[in-house]
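Sequences listed follow chains A, B, C and D, in order. Under this note's numbering, think of the first position of the first sequence as 1, with each following residue one higher. Under this note's numbering, think of the first position of the second sequence as 1001, with each following residue one higher. Under this note's numbering, think of the first position of the third sequence as 2001, with each following residue one higher. Under this note's numbering, think of the first position of the fourth sequence as 3001, with each following residue one higher.
Please note: incorrect hints may appear among the correct ones.
Pairs of lysine-lysine residues, derived as DSBU-like cross-links and limited to a Cα-Cα distance of at most 35 Å, are as follows [said to hold, decoys possible]:
no.	chain 1	residue 1	chain 2	residue 2
1	B	Lys1170	B	Lys1247
2	C	Lys2192	C	Lys2364
3	C	Lys2344	B	Lys1098
4	C	Lys2344	C	Lys2364
5	B	Lys1098	C	Lys2461
6	D	Lys3061	C	Lys2545
7	C	Lys2612	D	Lys3061
8	C	Lys2464	B	Lys1098
9	C	Lys2192	C	Lys2545
10	A	Lys61	A	Lys91
11	D	Lys3167	C	Lys2364
12	D	Lys3167	C	Lys2030
13	D	Lys3167	B	Lys1098
14	C	Lys2030	C	Lys2364
15	A	Lys173	A	Lys91
16	C	Lys2364	C	Lys2612
17	C	Lys2545	C	Lys2030
18	C	Lys2152	C	Lys2567
19	C	Lys2364	B	Lys1098
20	B	Lys1170	A	Lys61
21	C	Lys2464	C	Lys2545
22	D	Lys3063	C	Lys2545
23	C	Lys2545	C	Lys2152
24	B	Lys1170	D	Lys3063
25	C	Lys2612	C	Lys2567
26	B	Lys1228	B	Lys1247
27	C	Lys2344	D	Lys3061
28	C	Lys2464	C	Lys2192
29	C	Lys2545	C	Lys2344
These are computed hints drawn from the structure, not numbers from a lab.
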Amino acid sequence: MSEPVLRVHELVTSFPAGRGRAAAVDGVSFQLAEGEVLALVGESGCGKSVTALSLLRLVPKPGRIESGSIRIAGREVLTLHVSELRSVRGKEAAMIFQEPMTSLSPVLTVGAQVAEALRLHEPMSAAQARRRSVALFEQVRIPDPDARFDSFPHQLSGGLKQRVMIAMALALKPRLLVADEPTTALDVTIQAQILELLRDLQRELGTAILLITHDLGVVNELADRIAVMYAGRLVEEGTRVQVLGEARHPYTQGLLRAVPSLGRRGERLAEIPGVVPRPSERPPGCRFATRCPVRLPRCASDPPGDTPLAPGHVARCHVVAQELAR
Amino acid sequence: MSVEGHVLANAVIALLLAACAGLAVVIHRSELWRAAAVELWRRRPIALLVVAVYLVIAALDSISWVGGGEVGEGGDVLAMHQPRSLIDRLFPLDFDEKSYSAPLASVEFYGGDPLDHPGRHLLGTDILGRDVLHVMLDGTRIALLVGGFTSLLVIPLALLVGVSAGYFGKRIDDVAFFVMSVLMSIPDLLLLIALIMAMGRGPLQVCIAMGVTSWVGFCRIVRGETFKLRELDYVEAARALGVSDLKLIWRHILPNLMHLVVITFVLTFSGLVLSEAILSYLGIGIDGSWGQMIDQARDELARDPIIWWNLAAASAALFGLILAVNFVGDAVRDVLDPRTLRERQ
Amino acid sequence: MARFAALALGLSLLAACTNNPYPDADQGLKILYRPLAEPPRTLDPAVSYNAAEHQITGVVYATLLDYHYLARPYRLIPGLAREVPHARRLPDGRVAYRFRLREGALYQDDPAFALGDASALTREVVAGDVAFQLMRIADPSLASPVIATFAKIEGWDAFSQRLAALREADPAFGQQRIDAQYAAAGGIPGVKVAGRYQVEIVLSEPYPQLLYWFTMPFTAPVPWEAVERWDGEEGRDFFKDHPVGAGPFFVTRFDRQSRIVLDRNPNYYGLRHPEWGAPAAVYPSEGEPGDAPLGRLDPAYVGRPLPFLDRVEYRIEKEDIPTFNKFLQGYYDASGILQESFDKMVHEGALSEEMARNGMQLEKSVDPDVYYIGFNMDDGVVGSSAGEQGRKLRQAMSLVVDSREFARVFNNGRGVPAQSPLPPGIFGYEADYVNPYRQVDLARAKELLAAAGYAGGTDPKTGKPLHLSFDLGDTSTRGRVRFQFFVNQWSRLGLDVEIAATNYNQFQEKIRKNAYQIFMWGWIADYPDPENFLFLLWGQLAQSKRHGPNTANFANPRYDELFLRMKVAENGEARLALIREMRAILERERPWIELFHRENYTLFHGWVRNVKPAGLSLPTARYVDIDPELRSRRRAGWNQPVRWPAVALAAGTLALVVPGIVTFLRERQ
Amino acid sequence: MLAYIVRRTAYGFVTLIGVLLLLFVLFFLYASPHEMARRAVGEKAPPEVLEQWIVNHGYDKPKVWNPEHPFDTLLVEHFRRALSFDFGRGDADGTPITQRLREGMGPSLALAVPSFVFGLLFSVALALFVAYFRETYIDRMGVIVCVLTMSISTLLYIIGGQFLIGKLLRWFPISGFDASPSVIVRFLMLPLVVSLASGVGGSVRFYRTVFIEEGGRDYVRTARAKGCGDLRVMTHHVLRNALIPILTRTVVVIPFLFTGSLLLESFFGIPGLGSLTVDAVQGNDFATLRALVFIGSLLFIGAQIATDVSYSLVDPRVRFE
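So here's chain A without its partners, still in its complex pose (with noise of 0.2 Å):
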């Protein structure tokens, strides 16, 4: 197997929390093949958008990464120098936000900023720059592409900016996207067809995408594997099948169980009780104690390892651990 488009080896990113700081992100690893969709799925405030800041080191301060590394296409991001890094990005791997509605800038026209994602990684003139403008834009299926490119984002719909950033995004064909929660922000209708604008251009253009999300719906239609993140820390991993299906951590299994149309029928729709705790007040043993209902003795010492369940399936838990060993 050839070199993979991103390789992510235990990250760690830490942001100050009263007298010191805590890691939002504490030790993930996981890798992501061309081509391939991974989810990256949890709850909120799980750390999964500080691992895809962290990926093109966007975190904001006073977040800062302490250690692991990233490999995008072969180069390690966290030693690159900032200008070589500057190519990385938008280049290499480019990245769509959650919020399409605050992620253009408004006093300039949304041809203007895809123009210059554009321009800062290839020489072309103004009107070279306007043509490929227009022809993402007809790619994303912006209607009228020409006109809109004169438009300021306040005169756009939010679907319209969602596009218009998946055209930025995809400007210049990058190896991988990071797609942080792309359609959270949008009304259902639109989700829907932003996914499948998302899943038509993967197909189309081979990119990688590191899909963000808690919604797994989204999961359910677009990706391939299944990364699962609780407090900081990847919990289990798999194709989609093997999560989705045969989800054997107790934190992934709460999650479908709380999703309406993917429970079992017949069964109360449940939450999981408790809230992810802060990173200050995680428990030393395995992160998911406080709420764990199936929780050992020890859960609350011992941080588990990876128990592989199936190829390509891993879990880290105790339990699950301790059964297979059964």
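Here the structure of chain A is known, so what remains is to put chains B, C and D in place on it, guided by the hints.
Coordinates of chains B, C and D only, in the frame set by chain A:
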């Protein structure tokens, strides 16, 4: 200050103290405000203490009565007929020297004649031989009078106008808005000057003039916030349920404005005190203020050797107060309102 | 582009880094730089009556007579007149003076002269102009402060009244040309123009001091064209801002608020007609014994036509500290000593070594002036209508004012404590005279106050300390402190004196309108005669009655009678006796609290030549010369900017900030 | 757009009328001509002198209502004078006010314009710098320095500046003014430095907050994600967006320009409108003061309108109809 003046001043100070006590009770009762106060104290204990010291000095300097004390032969007979405050009474009645003396000096600065009170003038004496420390302490009262008394005039008025304009809208709002835009379109200092010139010079006039100029800012913020609050769901719901306007304002609008009032008050305070210094230079400030001291002392920098203690004392006193208030102001804003006001500042 | 702009900005900053307030091109010119504390209110010679303004009007207008620059006691010499006229006794006790003007003296160039002759830029000074100016003084609409001084000229008051009546009767009359109006009013019978160059002044009674007035700008010839033309209408200047005279300099730039520039007048008779050898237009060849050693009789100057300067520049300098600092930097040529810097400048009565090294010169003189606190005698409390009570109050207040202490605190001890209005150097001043009410005696003052009915300073009517107002023409905090000194002294008596300060112009207005109680003022002699001081208290010149200079409105029949006799008496025992009696009246009545006679210390830079302190407000610019080369050299030496703090500040900031930047950038990798 | 400008100007005019009314109330109704006369001539002036003053200065007409000549009133006169810019003569020395205003305008602008422009550029640059290093000690130090400098009275800046820079270091003339192009710069330097020093603290602190806030917005992240460098982010994105609050602040600062100038002009002997104001205050010159307030408001209203209109230039979301 005239003889009746000091009685009035005593009454005002009593009122202010009562208001402070009342405020303390209110703060203590309300969970939210108490938490804010605790947080404030945690963030800026030193600045708060400094402000408190100024307040105490001003309060002590505001309680005055006539009589007591004796002057020696050749002393200032007039002083015996004038009210003297608690602060004044910390100093002997006849504490003046003939002219300049350096801090803690035992002889006059020029000529070297022995002083009447050698080594007892901690900050020296000014050109007329007055104890600089005494003059400086007296200035505290003026500064706080300018800041505090003005706000006391302004806040109720601004609340009244701002809330009714924001809440009732229509004609009331039109009128209020017009008045505000008229006042706002006159540059502050010019308006101040015009008002003082029209009303005549004097402490009360200065306070009123400052009140009028700072009123607009208060009022604008209150009005805008009331607009917003009026549209809130629970207020609309209460109105739909037939709660009377007055009760609504009292229960839902006013309490939600208080944090803005507090923040604006603290933030305007330093501006007011600094403006007074400018007025003093123009000769329409309040007698005995630090601004006037600074203005007097600017000649002294030209002396050779220079006389620095007068300027230094007044500037330090002014600087200390403003700095402390500024720090407290920032903290108050952060504690009470992390966002809304920052954009308007 | 941005880099270029930054470079240009930096360079221009470097270039601007000099404290020279004058264009570099002016370095080589003989320009005398002088500060002016307030913009001149008026440069109309008929109205202007203050020392600073006279420095300007005195060189713009050429007077008929002048004082000898160096000789002391002061001596009259002819100016525009060919000789100093003698009094000619006429029947009925009248006296006449005949002035003969020099023929061919011209005014400065001015567009106003087109009014008389369309092609003219200037014209000759003629006798009619002298008469015209005298009529202007008499013109009631001008409110000249010296209108009463000339009342002895025959038909003076009648002329004033006729003019006023004509204007009153017909509003159109006032629209006529100004000289036509005067002609219609019939002129002043006592001012007779005889031919083109002669004018005779007839006085109804002897007034020997009259001649002194002809050294002052009041009586200098003024062309009617200028008055007519500069009327302030349709964007034209006012005559008071646009003087047109025949003097050695003329105004070429008048920015009221910032600067006034006087250039040498090429039409000046001294320059145009050196062959005349007019004594007032050449540098004198003799003086006091002390003048030669002090370089005031330098052969390089003696006998040369005046003026020597190219230009005189006045800058408005409202604050005297910056002004003095500029003097020290060499940007003003002469200055009084700032009280604040006295100790540095003067050491035991002489120039300090440091200053002497800088080539500075110190001139000391006691001015023929008197500073005093006056009571408005028309006032019901402190005035004469309060009778004995008022007198005792004034006496008590006089007894506690310690002028020696005042001089010590505020004037570095400069100033002679005044015992009477007469300063040293004026006939009638007696050094051994001691005024009993001018010796500080608190106990006596309290007794007198009690006798006046204000025991302990309490006003029996209100039961509170007696409230008086001290009206002053100085709003500065600096001035306030001074006045507070007196207030503090009076408060020792328990009197509550309030300071009511306005600016000087407003104060004059207040005085003019008799709206004051206690005031402080000074008088600088117009001419060296006791009459010029004692008339300040002559009842006929009361401010309230005739807008005269008797600001105290003092009116005492015996004093007035003595005054009239003293005025015309020759200096001698008889005159001294009269003065003594007048002095005794003042001593008892106390319309004034005499404070001090100023002791004047003036500093000059080494490049200023031919200076002689003149107690009278004589315009000196005519005689003074400047060595511009020496001035440039000294200025350059004194004003090297100290640059290291800028470097240090920049370095300090960098040292503080750079580590942060470095760390920041390193962390970003 | 044009319609908006017209409407905005019309309201500005109405406001100006309001200002005039206020002045009338203050100076004719509240402080009657009698009182003005008393203050100008003196508390103890006899009544006939007061009357004379009032007549001389033309304040002897009926105030609001004159049954015989309805337009011959102080109110009408007051409005006529202001709106025709013919302010008559000063109460203090009788010089035509309009002439003084015209003379004063030049020096005032010579100081106000550079101090405004440089102040803005300098504080924006400094704020960008500080905001760029946010969360480092440079930032924290910057904020503290800002608060410190804000807490010092303008008077002290001026006195200190004259003493230090003018007297001790001899960099520039201590005071004075001369409009000749060869020397004007050196006269303006010291007041400029002082005005920068006294004004910059508050501005930097405000702009820093703006920049940090804008710098944390989502579109900035987007720009970074597509490969914008820090500098480009700051200039193309943050600064462009921050222009709106900067503009708002500018309007707030304009009157302070006047305030600052007032002290500066008077201390440094610059014969502008500020000095004129100080003279008017000290000379109880009500007529001049009224004219100055009117002119000040006129300029300020003009500035407000200009600002409102220029919002449309920096913020496409603003549309006037």
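Do the alpha carbons of A:Lys61 and A:Lys91 lie within 35 Å of each other, as the hint requires?
-> holds, 24 Å
Verify the proposed pairing of C:Lys2464 with C:Lys2545, using a straight-line Cα cut of 35 Å.
-> holds, 33 Å
For the pair supplied as a hint, C:Lys2344 and B:Lys1098, is the alpha-carbon distance within the 35 Å limit?
-> holds, 22 Å
Given hint C:Lys2192 paired with C:Lys2464 - CA-CA distance at most 35 Å = violated, 61 Å
Quickly compare the C-alpha distance for D:Lys3061 and C:Lys2545 to 35 Å and report which way the hint goes.
-> holds, 29 Å
For the pair supplied as a hint, A:Lys173 and A:Lys91, is the alpha-carbon distance within the 35 Å limit?
-> Status holds; Cα separation ~7 Å.
Holds or violated: C:Lys2344 to D:Lys3061, with C-alpha atoms at most 35 Å apart | Given pair C:Lys2344, D:Lys3061 is violated - Cα atoms ~58 Å apart, limit 35 Å.
Regarding the pair C:Lys2152 and C:Lys2567, is the alpha-carbon distance no greater than 35 Å?
-> Within the cut-off at roughly 13 Å; holds.
Are B:Lys1228 and B:Lys1247 close enough, with their CA atoms no more than 35 Å apart?
-> Holds. B:Lys1228 to B:Lys1247 sits at ~18 Å (cutoff 35 Å).
Within a Cα-Cα threshold of 35 Å, do C:Lys2464 and B:Lys1098 meet the stated pairing?
-> holds, 27 Å
Do the alpha carbons of C:Lys2364 and C:Lys2612 lie within 35 Å of each other, as the hint requires?
-> Between C:Lys2364 and C:Lys2612 the Cα gap is close to 10 Å, so the pair holds against 35 Å.
Would the pair C:Lys2545 and C:Lys2344 pass a check requiring their Cα atoms to be no farther apart than 35 Å?
-> At roughly 48 Å apart (the allowed maximum being 35 Å), C:Lys2344 and C:Lys2545 break the hint.
Against the hints set out earlier in the document, violations occur for numbers 2, 7, 17, 20, 27, 28 and 29.
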